[in-house]
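Line order of the protein sequences matches chains A and B.
According to numbering that gives the first Met the number 0, the first sequence is numbered sequentially starting from 0.
According to numbering that gives the first Met the number 0, the second sequence is numbered sequentially starting from 0.
Among the hints, a few may not be true.
[As the list claims (entries may be wrong)] Partial pick of chain A residues on the chain B-facing surface, computed with a CB cut under 8 Å:
1) I94
2) T110
3) H121
4) A149
5) M152
Hints listed in this document are in silico derivations from the structure and should not be mistaken for laboratory results.
Note that CB positions come from ideal geometry on N, CA and C, so glycine has one too.
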Amino acid sequence: MSEKLNSCEISAQLQNEKLSSPPAICIRDLYFSYQKEYILENVNLDIFPHKFVSIIGPNGSGKTTLLKLILGLLQPQKGSVLIFGGKPERERDRIGYVPQHFQLDLSFPATVQEVVLMGLVHKKQWFRFSSHAKKKVYEVLDIVGLGSLAKEMFRSLSGGQRQRVLIARALISQPEILLFDEPTAHVDTVAEKILMDLLKQISRELTVILVSHDLGFVSKYVDTVVCVNKTVQTHPKNALTGAVIQELFGSHIELVHHGRTQPPEAHHHG
Amino acid sequence: MGELWKAFTDPHFPFLRYAFLSGILASVSFGVVGSYVVTKNMVSLVGAISHSVLAGVGFALFLQHRYQIGYITPFYGALVAGILSAVIISIVSKYLKGRQDAVIGASWAVGMAMGMVFLAYTPGYIDPMSYLFGSTLLITRTEIINLILLDIVILGIVLMYYPQLWAYCFDEEFSRVRNVPVMFLHTLLLVMSAITVVMMMPMVGIILVLAQLSLPVLIAEQFVSRLFSLMITSVILSMFTSSVGLMGSYKLDLPAGPVIVLTSMCIYVIASLLRVIKKRGIRTVKPKK
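Build the full structure now, drawing on both the sequences and the hints.
In structure tokens, the structure reads:
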């Protein structure tokens, strides 16, 4: 384990010129399989604080598995996952998790306010929530722009709004890393834009990691793209070319850059 | 009505009073646990537990009659079997990969089969009908005391773990990430269901208990939309239907269990119809504006 820690430290030192803090997530020589065949092989990954990272890959590439390993819901067969240098299970207080909203049972009787309060439930939680906690609900709902809907039923909201409520639920425990599983799945394009702008805004203060099979918005919003297909490759967003995508998804995809067309390096030298 | 009151207050005829009391007491746990079971969609798991309870009843009767061990009553046998099968089903439902539905489905019958085998070995003839469909004659003073104790246990557990159970029922994965002990809560909920099933067993029987667990919650869901109010309303509805059903069964000289369940069903159908009519009403009003 100490060796792994060391390699994380070295990697932190290498990045020191750009960032002074150690990696928020450090994965070393990770192997994982559900049955015989490895789903993830020789994965090495560093994600530094205050980065906006997208983990992309085709279906069955192991990106959700990677997410679950980071959350400590699965244990690797070989290698290690460290969150701020500690085991994921121990550092869960520092992670906020936003699952896919359509997986939830909408017949469950809960208001928006109650769903957000669930983000504060932990092992030793007594019956009532403090008034401070209830005040905090409104704070985080304001961040996601839903302060006025606190008393509404969760089931009565639209898909995009529900997703934002789940973001508020993850934010209320003041995490340092925010993990999203397909945040824009089952959400229309208008709501998708609202969501991504919100994530961009949040990423100024937190490390935001999202898992997605959707490449559409990747180059527009995130700082780093992590491509998963059994193993992992990290690319700064401007290095994401058609060839890389083709290798990853096994088919030709034309990459359309939105917004800035010039890579920042070229801009700098120019 | 006068005749019913006379029977109710007759000092030599405590059965009706006990039956009435046991319905009220069991309803407390029924509404509370039923709300969790229905919102978490685990009624079929509880079905498997309730049917397995017969194994415990059979075993207790077998010990009582063959070896004259008087203190092992069918109630205690049912309680132990219920809790055991709750733990087993909890493990199966979490760790068995694939064909879970079939295994749990089969366990409905396996518990009953075991119970029937024990009953067959028991000397003399014992009619399983009263355990399967309930018999108010089974309710004694001891049973009432047991119900009070079990109510306290259930309410105590729910008070202790209310937020955790609530968050777990809504989103299991998120709760795990929040370090909420999900597996423990899953087992706890099934054990609580097992206890409540046994509490209502003398009244409505092993087979009918499932309807009385879910119907009051299904009725309440049409009127309230918060978990806490769902529990309170379900408790009141469960008390109401078991009392009305009991009175009806006495009047009509029918077994109490089926009448109670049918009372609940009638209220559910009426409530659903009212809701549909209300919705339709709104729909036809809107275009006029």
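Outcome of the hint check:
no.	hint	result
1	I94	holds, 7 Å
2	T110	holds, 7 Å
3	H121	holds, 6 Å
4	A149	violated, 14 Å
5	M152	holds, 6 Å
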